[in-house]
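K.L.:
As a plain string of letters, each chain reads:
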Amino acid sequence: MLLKRLPFLLFALTAAILAQTMTSEGSEPKVGKTPENLTKQECSDCHMAYQAGFLPIRSWQAIMADLPNHFGEDASLDAATVKEIEQYLIKNAADRKGKNPRWLKAIPKDVTPMRISQFPWFRHEHGKRVNNWIKANPSVGSVSNCPACHKGADRGYFDDD
Amino acid sequence: MSRPRTSQTQRGLQAVLTSTFLLVGPTHLTAGPAQDAVIAALAAEAGVSGFSAQTGKAFFQASHSGGKPETPSCTTCHTSDPLAAGRTRVGKPIEPMAVSLSPNRFTDPEKLAKWFRRNCNSVLGRECTTTEQGDVLTYLSSL
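Protein chains in written order, with this note's numbering: chain Z, 1 to 161; chain W, 1 to 143.
Next comes chain W alone, as it looks inside the complex:
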């Protein structure tokens, strides 16, 4: 496919549009209204217009310090592939985190708050900020 050449500014604009789509767009492709509402509520709380799937991915995949030695990362239990099933440290399977495979994920605010509290404390030794929560959910809802 050939395309007309574009000027620098147009290309720049396109890049911005594309990345905006990557950040926000896929949420609307896989996540349902319930996840959208949860993410929107977090955005309102954080006073931002949206979150970054990229930042969420980096946070989710990273090794953190400050938490309990047994659990350095979200991937300790959820694995580095959110499309795959995870496993607790005792060996019980955990459904994939990706909303496309587990459509009921992130739809129950009480469950969500409970696990963010526990898991962030285990992994980081503190609560996750609203922005960290929003970024992670945006990432996992985009897959």
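Next up, chain Z with everything else stripped away, as it sits in the complex:
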């Protein structure tokens, strides 16, 4: 069944990739793969380790500055570990090396987003249909649980569905 459809799937996939690179350049984050060891290890116990390219530098700084009050939980770490993770996140942030992708330009400079899931691009991709689906499937837990829907989220793949 799947095998018979393979040529079509390959075609659709190529078309999708082409369409994306040609038309939507900069409208959504392009993130790298799995974060580096220490970040992956320390930031993946409660949720997946989100790729640094989803947020700008100021967001990572704000998040790392208040881990004891992290979205309603204590996620504290020792100072040395905090520093090393923060350095990694900043080095790989969405606005690293002066970059300014279109989806980030939509946010005023004096606003510090604390969530990936509150960006306009995110809300656009995850509309009512997705939210209703989460409500109907309590095991997903939260829209922040990316791997529940994006099987390749840990490796940086989000365009699988």
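In short, the hints are calculated from the structure, not lab data. Check the hints yourself; a few may be wrong.
[Stated by the list, open to error] Restricting the straight-line Cα-Cα distance to at most 30 Å, the calculated cross-link-like pairs of lysine-lysine (DSSO-like) are:
#	chain 1	residue 1	chain 2	residue 2
1	Z	Lys135	W	Lys111
2	Z	Lys135	Z	Lys30
3	Z	Lys91	Z	Lys40
4	W	Lys114	Z	Lys33
5	Z	Lys151	W	Lys111
6	W	Lys92	Z	Lys91
7	Z	Lys97	Z	Lys83
8	Z	Lys40	W	Lys68
9	W	Lys68	Z	Lys83
10	W	Lys68	W	Lys92
11	Z	Lys97	Z	Lys40
12	W	Lys114	W	Lys57
13	Z	Lys91	W	Lys114
14	Z	Lys33	W	Lys57
15	Z	Lys33	Z	Lys97
16	Z	Lys128	W	Lys92
17	W	Lys92	Z	Lys40
18	W	Lys92	Z	Lys135
19	Z	Lys91	Z	Lys109
For this one, chain Z is given, so just place chain W on it according to the hints.
P.N.:
Leaving out everything else, chain W in the frame of chain Z:
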């Protein structure tokens, strides 16, 4: 099975022995040497000879105040059944807490200290005492 009748004092002694076994015994049935060593170190620190699985169970299952409103109890994430898998608030699965099902539990002192600090602060708004930690680990190691 019929048993010879026992006198009051013998029965009393038996009860004490049985409860001692319930408190301490099962630890040695399911927990390995690594958990035993962690619990022994806590006992030395607290200056006691052992901990109570019963008290640990009550603490683990209770709803506490003083912490963050999102997390009133250990069971918020670990569920009320330590033999079952838990779930973080984001929806990521957590391995069962019972040592019989997750033999690697409580064997890494650094990991243990990190999570007691975080979770006790989230649930109670303070650190857990050495006795509370020992009671909880004794409970979870006995299952």
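K.L.:
Would you mind marking each hint as holding or not holding in the structure?
P.N.:
Tested hints:
1. Z/Lys135 / W/Lys111: 34 Å, violated
2. Z/Lys135 / Z/Lys30: 28 Å, holds
3. Z/Lys91 / Z/Lys40: Within the cut-off at roughly 15 Å; holds.
4. W/Lys114 / Z/Lys33: 27 Å, holds
5. Z/Lys151 / W/Lys111: 28 Å, holds
6. W/Lys92 / Z/Lys91: Holds - the C-alpha atoms of Z/Lys91 and W/Lys92 are around 27 Å apart, at most 30 Å.
7. Z/Lys97 / Z/Lys83: 19 Å, holds
8. Z/Lys40 / W/Lys68: Cα-Cα ~26 Å, so holds.
9. W/Lys68 / Z/Lys83: 25 Å, holds
10. W/Lys68 / W/Lys92: 20 Å, holds
11. Z/Lys97 / Z/Lys40: 22 Å, holds
12. W/Lys114 / W/Lys57: 21 Å, holds
13. Z/Lys91 / W/Lys114: Answer holds: Z/Lys91 to W/Lys114 is near 26 Å, not above 30 Å.
14. Z/Lys33 / W/Lys57: Violated, because 42 Å separates the two Cα atoms, which is more than 30 Å.
15. Z/Lys33 / Z/Lys97: It holds: about 18 Å lies between the C-alpha atoms, which stays within 30 Å.
16. Z/Lys128 / W/Lys92: The given pair, whose Cα atoms are some 23 Å apart, holds under the 30 Å limit.
17. W/Lys92 / Z/Lys40: Distance ~15 Å between W/Lys92 and Z/Lys40 Cα, so the pair holds.
18. W/Lys92 / Z/Lys135: Between W/Lys92 and Z/Lys135 the Cα gap is close to 16 Å, so the pair holds against 30 Å.
19. Z/Lys91 / Z/Lys109: 19 Å, holds
Hint violations for this structure: numbers 1 and 14, all remaining hints satisfied.
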